Structures are given as structure tokens and as C-alpha cells.
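A.B. asks: Use the sequences and the hints to build the structure in full.
Chain by chain, the residues:
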Amino acid sequence: MVRNLTTKLMYSATSLIIVALGIGLAMIALGVRTQVASAEVNSKETSDGAAEVGRAVVRRLTPDHYGNVIADVFGPSIRLGGRFEPEFRVDGLYEIGSGRVGVSSDGMMQYDIMARNIAEQVTSEKYHGEMIPCTPQSVSRSDGDCARQFLTGVGRVLFRRPLTETEQIRYVAAANVGAQQLQDFYAGLSLSLGAMLTSPQFLFRQVAIEPAPNQPGEYRLVAYSKASRLSFFLWNSLPDEVLLRAAEDGELNTQEGLERQVSRMKASPRFKDGVRAFFTDMFHFDAVPTLAKDLVLYPKFDSIVAADAKEQTLKTLIQLLVDQRGDYRDIFTVRKTFLTQALASVYEVPLVNDVPNGSPDTWQPFEFSSDDSRGGILTHISFLGLHSHPGRSSPTLRGKALREIMFCQKVPAPPGDVDFTLANDTTVYKTARKRLVAHSSEPMCAGCHKITDPMGLALEKFDGIGVYRETENGVQIDTSGQVDGMAFEDAAGLRKAVHDHPAATSCLVDRLFSYALGRTPVKGELSWVSRLKGTFKESGYVVPELMRKIATSPELYRAPPPKNEIMKTMGPAT
Amino acid sequence: MNTKLNRRTVLRGSMGGAVITVGLPLLDCFLNGNGTALAATGKALPTCFGHWYQSLGLNPGMWIPEKIGANYENNVQLKLFDPFRERMNIFSGMKYFLDGRPHETHTSTVQIATMGAVIDSGEIGPSLDSKIADVIGKDTRFRSLEVSVEGSRKSWSRRSGTSVNPSEPSPVALYKRLFGPEFRDPNAAEFTPDPMLMARRSVLSVITDQRHDIMRQVGAADRARMEEYFTSIREIEHRLELGLQKPEPMPTCQVPAPPEELEPSTVIDNVVHNGKLFAQLLAYALACDQTRVFNVASSGSWREAGTTYTWHTATHEEAIDQGVGRQKKVFWYLTIANKVFAEFLRALDGVREGPGTLLDRTLVLWQTDHEDARTHSIENIPIMTVGGAGGLMTTGIHVSAPGDPCTRVGLTVQQAFGVPIRTWGDRSNETTRTITEVMGSQDASSV
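Order-wise, the sequence lines are chains P and F.
To convert, note that position 543 of the first sequence is 542 in numbering that gives the first Met the number 0; the numbers rise steadily by one, no gaps.
To convert, note that position 93 of the second sequence is 92 in numbering that gives the first Met the number 0; the numbers rise steadily by one, no gaps.
Simulated from the structure, these hints should not be mistaken for lab results.
A portion of the hints provided could be inaccurate.
Some chain F residues near chain P, calculated using beta-carbon distances under 7 Å [stated by the list, open to error]:
id	residue
1	ARG158
2	THR161
3	SER162
4	ASN164
5	PRO165
6	LEU196
7	MET197
8	ALA198
9	SER201
10	SER231
11	ILE235
12	THR306
13	THR307
Using 25 Å as the maximum straight-line C-alpha spacing, the simulated PhoX-like pairs for lysine-lysine come out as follows [claimed, not checked]:
id	chain 1	residue 1	chain 2	residue 2
14	P	LYS433	P	LYS449
15	P	LYS449	P	LYS265
16	F	LYS327	P	LYS429
17	P	LYS449	P	LYS409
18	P	LYS429	F	LYS328
19	P	LYS495	P	LYS335
These figures come from a predicted structure and were not determined experimentally.
Ideal Cβ placement from N, Cα and C applies to all residues, glycine included.
C.D. replies: Dropping the structure here:
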């Protein structure tokens with residue numbers, strides 16, 4: 000029944016917008032004649048054959064996005080009741096990986112379970128007044144009008160754009176069919192909402208494009224797609240009502256309007272959620288709360304320390320970068336942080352509890368003294384512990400993380416058939432430095448260890464979870480080293496060297512750019528990246544300023560022209 | 000025993016509309032004379048495939064049988080598989096080829112073992128179990144089931160290079176998935192289609208109806224992603240349809256008691272305990288035809304309680320004991336791992352179906368990442384198969400193929416199950432050479 004109704008409508012549309020989800024989907028709701036592309040259309044080619052405009056990436060909602068969206072739309076009391084497929088990190092970011100994945104059979108089953116769970120809660124009696132704007136004529140029959148009111152409202156938010164007329168008809172018909180078969184209006188509504196939550200329009204962040212006005216041959220994202228790209232970038236969730244309206248009334252299509260919205264979004268408390276999400280992705284903090292350590296060797300480490308360790312660094316970053324609009328490079332040297340009692344015990348510092356009596360907030364501002372060996376996020380547990388083995392520190396893992404995560408460089412993988420006996424013999428070689436020197440006597444290993452170990456060895460006075468120590472196996476630890484020609488004696492020297500290393504700020508711009516766009520830049524975008532790097536420097540390396548710059552760049556919303564076949568099918572754009 | 004049950008009774012029942020009544024009980028009388036097919040419909044009992052992926056290899060010098068061919072004797076480390084010797088094959092001498100690409104230890108080799116190639120671009124796959132599931136797993140509630148004996152979601156089963164079928168870490172959760180409210184006993188006397196399933200199937204057309212329009216205009220790079228999405232949706236739809244049909248009776252299907260698991264974790268006692276539960280649950284799942292394909296994963300992060308010094312760490316850090324000439328702790332772990340696998344085989348073998356057992360209509364492929372984990376060696380890789388999948392594979396043979404790509408085994412297994420491929424693997428791992436010594440007398444289409 001649904002099939003017949005909707006199929007007819009699909010082909011009766013006279014004026015079309017194609018919303019790409021990597022797809023074209025006929026839409027007739029917006030009343031504007033627009034030519035749109037598949038998101039995966041070939042990049043526009045310049046005369047020398049290099050891609051000028053990269054593809055518009057269609058990303059799957061990340062688990063965080065999914066949770067945030069459901070909480071934003073239906074309130075935090077709604078339980079998801081399922082789990083997600085593992086994420087997939089590409090070029091340093093899950094956000095890029097989310098543009099490469101489909102939905103596996105198991106993943107779909109989970110989406111289906113969650114969708115039905117959520118829909119059942121939302122349409123349950125408890126929420127009838129709150130979530131559903133109307134009362135059906137009879138609870139045991141279908142009521143198309145009431146279903147339409149609810150589904151078009153909720154659909155607009157979930158799809159981040161108004162439902163097309165076809166979609167409205169489909170989802171209302173689905174609710175009616177469900178209600179008739181189950182003789183229950185709300186059960187039908189629940190099934191239709193569940194279908195919405197498993198639809199590609201919800202699970203994937205759609206990209207629709209249109210010809211850029213006054214720029215023949217150029218294409219850009221339509222305003223709703225812009226709004227979505229903005230909100231997931233700056234807020235880690237879907238557009239709010241104001242942003243959707245700004246898309247609807249064209250405000251987002253003007254540069255002033257775009258800048259006004261970005262300023263508003265930056266001023267919102269939700270901006271911090273966006274910044275936290277970005278650094279969680281870039282610095283791999285998702286892995287910190289589940290870190291496992293050898294409890295015999297590290298009795299201070301437990302799941303509370305692990306969870307707090309992630310939060311500590313995020314709080315530090317937010318205070319420095321957002322609240323104080325500080326210099327990005329200072330994250331490597333900043334002494335101000337926040338601690339809980341659990342963390343203070345690992346850091347071996349006294350933490351005076353001066354919150355009001357009975358306050359549930361267990362976090363205290365704390366500043367490491369200037370002569371403390373600790374300072375900067377590289378000396379946080381979230382770095383030291385994450386890039387160590389379960390039972391010992393690892394100069395190689397730490398050096399590799401510095402290169403790959405902080406500098407965006409690639410360290411080659413180790414060769415096969417390596418004998419690690421020397422590298423692990425703690426009876427003859429008491430310190431990590433001595434073991435690594437012995438191990439690097441094998442020529443095939445030496446090359447790579449030269450680029451990782453001298454950085455990592457500077458952090459050797461912090462053990463596998465980050466507790467300070469002077470010796471290893473009774474032998475004094477030597478923390479001298481160098482990074483790309485900058486020599487130092489200890490962790491403080493390393494911090495300074497990383498702080499001053501041009502790759503650190505350059506890497507941040509590359510990652511943030513890729514995070515916003517969902518992919519690495521194509522050749523034609525390199526000049527934009529290089530301009531961003533210039534303005535980042537001029538701004539004094541202020542991260543929110545860089546985010547504003549990216550969010551307000553017209554380049555972020557450019558798209559390659561649609562596929563030729565579509566042009567043929569739909570006729571030339573007007 | 001009710002001997003009046005015959006083909007006609009069942010057929011009449013299955014055509015009788017919404018409520019289908021079938022006589023009781025459903026025991027061996029439902030099997031034909033030699034116990035290999037359902038007497039009622041004449042259909043053969045389904046063949047099943049399992050992939051057991053166990054990281055960290057075996058002990059060099061301790062697993063390869065001396066004799067090549069039939070009637071071999073198990074070497075020390077595989078002695079405990081003696082009860083299955085006639086029904087298993089051992090493959091030695093084969094290797095993984097990296098062709099100059101970086102050796103991501105424990106990773107590149109898994110990819111070759113499961114997908115025939117190293118993921119360079121993220122665009123390869125699916126893994127061989129998924130390809131086999133495409134052939135034999137379409138008509139069951141679960142296309143395949145993935146479990147991890149060490150409490151993680153880790154899995155090497157992939158729909159594509161980017162899309163993992165994650166493992167179920169908890170036996171209790173698996174039990175709920177299998178035998179929760181949505182389970183329909185194939186031997187139940189009455190069958191009433193669930194109106195909720197009917198409604199769900201109707202409503203799902205909101206999405207399936209869009210497929211044509213979306214795929215028509217999808218761009219090249221997103222085509223495979225959207226295809227995967229719709230394939231997954233189609234599977235949901237197919238499962239709903241299956242749920243609306245009276246299932247084929249399964250002679251040995253029973254609903255087991257809920258398992259009492261230990262907390263899913265890498266602690267060895269929990270691994271052993273939960274491994275046994277998983278073995279039983281998967282045996283029930285196969286016996287009840289809820290799935291025909293499964294994957295069991297172990298990455299070797301097992302450890303003793305109270306420490307995080309893992310098996311994997313031991314492979315790197317433990318010195319070779321000069322007295323016995325091997326890493327003693329590692330050998331201990333390997334012995335336990337083999338016991339867990341043997342226990343699993345026993346569970347399948349414990350389900351008697353006529354003269355044979357569930358194991359006989361199953362083929363379990365055992366693969367690993369390295370021979371010697373200590374050095375991450377990629378030559379002389381141990382591979383085993385157990386069970387002949389109802390004659391799809393000949394068993395009891397030790398195949399030695401020095402220098403050949405391991406992918407030969409994967410290709411052979413896939414072809415045995417009727418996966419329509421002639422070659423498998425890329426670069427030096429590419430092969431068209433099946434292992435003819437073990438190719439069975441039947442192919443999947445005749446089963």
C-alpha cells in the first residue's frame with residue numbers, strides 16, 4: 000500500500016531539488032529549482048588535471064552524534080538501548096572514517112533495535128503530552144492528521160531539513176498502516192518514527208548542492224546542508240531551531256548571515272562540546288577511559304583514574320583555548336589544570352578540597368609549580384598512560400604518538416621477523432634507553448627508532464601510568480634527547496621544543512580542516528589551508544578563531560559539479 | 000514415538016494458513032534413514048561454517064605432524080585433538096606475502112588470512128566468512144554470529160574493508176539474542192505469525208522503496224556504502240519475512256537454560272568459562288538453525304587474574320627457557336587456547352543427529368596470524384580445518400605446501416561452500432590453486 004502511493008508521487012514531482020546522500024532523492028518541498036549532485040561526484044578538475052574542489056563527503060553519524068541528537072531532540076531521559084559499530088579512524092580522525100563507512104548487517108540490526116527502543120519510549124503514554132502535539136481521534140485506529148503533525152515536526156529536526164512532500168506521505172502512510180495492523184495509533188506512530196531513525200536520511204549526514212549564484216559552473220551546499228555541516232562541526236550535534244530557520248529564510252546563504260550564525264554558535268555553551276569532540280578525536284581520548292594497566296605494578300590506577308584522566312585534559316584544553324582564548328602552543332607547557340583526588344594521588348601532589356561543603360563537584364583547579372617536572376598535556380596521564388604498555392612505559396610509543404598525533408607525521412610500521420629479546424631484557428639493560436640502544440643495533444630497526452625514541456625518552460621519568468620516578472631498576476634515568484635538531488635535557492626541554500615546533504600548529508590546522516570537511520584537502524584547496532595557517536599564526540594561535548575562520552570560509556561549502564548523467568537526466572541548471 | 004508423521008502431514012500443515020499445527024514429537028523420526036536429511040521434506044540438514052581465529056600462532060617445531068597425507072599422527076602440541084584427527088586436516092608450510100608493504104604485526108596477516116589481502120585503501124573485503132554466509136546464511140535468523148571469548152568486541156569478520164561485524168563479548172547477551180522473545184521454536188506445535196512482525200515489515204517499505212532512486216544517482220565512491228546499507232536493510236526485511244513463516248523443524252533443537260557467565264574479560268578463568276558457554280550456545284544455535292555461520296575471535300590478550308601481563312606481552316618479553324628450548328609461559332597459554340578450541344569442537348560433536356553429529360555437517364576453519372609470535376614470523380603458518388561439512392571436504396589429511404600462499408586454504412574452503420570465485424587474494428597472495436587433496440565429493444549445490 001505504501002509502496003503504491005509513494006511511487007506514484009515520486010514521479011509526479013515537477014520541480015525538483017535533488018538532495019544527495021551520495022544520492023539524489025527527488026524533493027519537492029522547497030519550491031526552488033535547483034540542480035544537485037551526488038556527493039560522490041568527481042572532483043572538479045582544473046586545467047592541469049588537479050582536483051580543484053574536493054568531493055562533498057557524506058558522513059555517517061558517529062556514536063556521539065547519535066546520542067547527542069537523540070538527547071537534543073527527545074531529551075536526555077530517553078535510553079538508546081543498543082550499541083554501535085566500531086568507529087574507523089582514517090588519516091588520524093574518526094570523522095574522516097565516518098565518510099567511508101556504510102552500515103554492516105550487525106550495525107543495522109543494532110540501529111533497528113535502538114530505533115524501535117527510542118520510538119517506543121517517545122510514543123509511550125508517559126510522553127504523549129510532551130512529545131506528541133495532538134491527540135488522535137481514537138487510540139485504536141489510524142489518524143493521518145495527527146500522525147502528520149508529529150512526523151513532519153520531528154522529521155524536520157531529525158533529517159536536519161523539512162521532509163519532502165513525498166517523505167511526508169510515506170511516513171504518514173507507514174504510521175497508518177502500522178496503526179491499522181496493530182489497532183493502535185501510537186504503535187503505528189512508533190513504527191514510523193522507528194523507520195525514520197533507521198533511514199539513510201537520518202543515519203547519514205546528507206549533502207545537497209546547488210549552483211552558486213553568479214558563479215557559472217560553480218556549486219555550493221544548499222543552506223540546510225550548510226547548517227548541518229556547521230552544527231556538527233561547532234556543536235557536535237544537529238542544528239537548533241534558530242539555525243534551521245536561518246537556512247530556511249536564506250540567511251545562511253549570505254556571508255553576513257553566515258558570520259552572524261557562527262558568532263552566535265561560538266557564544267553558545269554548546270561550542271565547548273564541539274571543541275571537546277574535536278580534541279577527543281584528534282588526541283584519541285576515546286581510548287583513555289578503557290585503558291587497562293597492570294594493577295600489581297600500578298596499584299594507583301583504576302577506572303576512576305582512567306575516566307578522570309580524559310576529563311582532566313579536556314578541562315585543561317577548554318580553559319586554555321576557549322575560556323582564555325589562549326595560544327594553542329601553550330597546551331604543551333600549560334601548568335594550570337584541574338584535578339580530582341584520584342588524579343592527585345597519581346601526580347603525587349596535595350589537593351586541598353576547597354569546594355563548598357557537600358558540593359558534588361570533585362574537580363579542583365590546580366597549578367603545577369614552575370619547577371615541577373610536570374606541565375603541559377604531554378605530562379598528563381591521558382598521554383603518558385595511553386601511549387605506554389600495560390606494564391611499562393614506552394619511549395617508542397610516546398615518540399610515535401608525538402609524531403603522528405601532535406605533528407601529523409607518519410612513522411613506518413616495524414618490519415616482520417624482529418627478535419625483541421634484547422629490547423625486553425631488563426636484567427642486563429636496566430633502563431629503557433639501554434634496551435632501545437641494544438635493540439637498535441639491528442640496522443633494520445634503527446632508522447625508525449631514531450625518529451621516535453629521542454622524543455619519548457625525555458618522558459621516561461614518568462612511568463607507565465605517569466607517576467614520577469627518578470630511576471628504573473635502580474639506575475638513574477637519562478632524559479636527554481632531541482627533536483628535529485632541537486636538543487634538550489629533560490621533559491621541560493621537550494615541552495619547549497614541541498611548543499616551538501612548526502609542525503605542531505600546522506598539524507592542528509590540518510586536522511581541524513579535515514575534521515570540518517570530513518576528508519583531507521585536495522590539491523586545489525591547499526592554498527586555502529595555507530591561508531588558514533597564516534591567519535592562525537596572526538591570531539596568536541587562537542583555536543576558536545581558527546574554527547570561526549574555517550566555518551565562515553566559502554570554501555567549506557563549495558562542491559564539485561554534479562555527475563554528467565544527472566545533468567542529462569535533469570536538464571541544465573537554471 | 001509418533002510414526003505417522005510423514006511428508007504429507009508437514010506439507011499440509013505448512014500450507015494451512017496463519018496457524019500451523021504440526022504433530023509431536025520431533026525427534027530422530029524426523030531424519031531420514033541415514034540421519035542426514037529431514038525425513039519430512041527430504042531436505043538435507045544444512046551445512047555450517049565456522050571461522051576460529053586465534054592470534055599468536057603455535058610453537059615452532061611442536062605442531063607439524065611428521066607424516067604427510069592421510070593417517071598422520073598429531074605432534075605434541077596438537078595431541079589433544081586426537082579424538083578429531085580423522086575429521087580434521089592440518090596444513091603446514093604455507094605463508095603470508097607482504098610484497099614489500101609494511102608489516103603491521105598481528106594485523107596485516109589477519110587481513111590476508113580473512114580477506115586475502117592487506118588493506119591498503121580500505122576498499123577490500125568482505126572476509127571469507129561473509130562470502131560463505133552470502134551463500135549459506137541467507138535463510139536463517141542470523142546471517143552469522145560473531146563472538147569473542149575474551150570479552151571484547153574485536154572481530155575479524157568484515158562485510159567490507161571498512162565494515163566490521165563486531166563480536167558479542169557476553170554469553171548472556173548472546174543467549175538473549177538467540178533465545179529471547181523473538182526466538183521461535185522450530186519444533187513448536189503451533190505457529191502464529193506475530194502481528195508486530197507483519198506491521199514492521201510493512202513499515203520498512205518506507206525505506207526499501209527509496210532504494211532504486213538512491214542507487215540510481217549515487218556517486219561512485221558512495222555506491223558501495225549505500226549498497227551495503229540497503230543490503231543490511233534487506234536483511235532486516237528478509238529476517239522479518241522468515242519470522243512470518245513456519246520454520247523448518249530441526250530434530251535436535253532445544254532451548255538451553257540461560258548461561259551463568261563470568262564477567263566477560265581477558266582473565267584466563269573467565270575466558271575458559273565463557274568460552275565453554277559460547278561453545279554450547281553456538282551448538283544450540285546451529286542445531287536450531289538460527290545461524291549457519293559463526294566466527295570466534297581471540298586476540299591473545301589473555302592474562303592471569305590480578306595482572307595485565309598478557310599472553311601477547313609474554314610472547315615478546317619472555318625469554319626462551321634454555322632447558323626446554325621454548326617460552327614456557329607462552330606454551331602454557333597455547334595449551335589452554337587449544338583446550339578452549341577442543342572444548343568447542345566437543346560441544347558441536349555432542350549434538351547427535353542420526354549416526355553423525357553437528358560437527359560432521361560443519362566445517363571449522365582455524366587460522367592464526369604468525370607461526371612464532373615472538374618474532375612475528377609469517378612463514379610456515381599453522382592452519383587447521385575440522386569437520387567436513389557433510390562431505391564438502393575430505394578429512395584426515397596433513398597437507399604440506401611449503402612456500403605456497405595460505406590463501407589456498409581460504410580459496411578451497413570458499414569453493415567447497417559454493418562461493419562463486421575462481422581466484423582469491425591479491426598480489427603474491429592471489430591464488431587459483433585449490434587444495435585438491437581435501438576437496439570433498441559433493442559441492443554445495445548438491446547438498
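A.B. asks: Going back to the hint list, which numbers does this structure go against?
C.D. replies: Structure breaks hints 6, 15.
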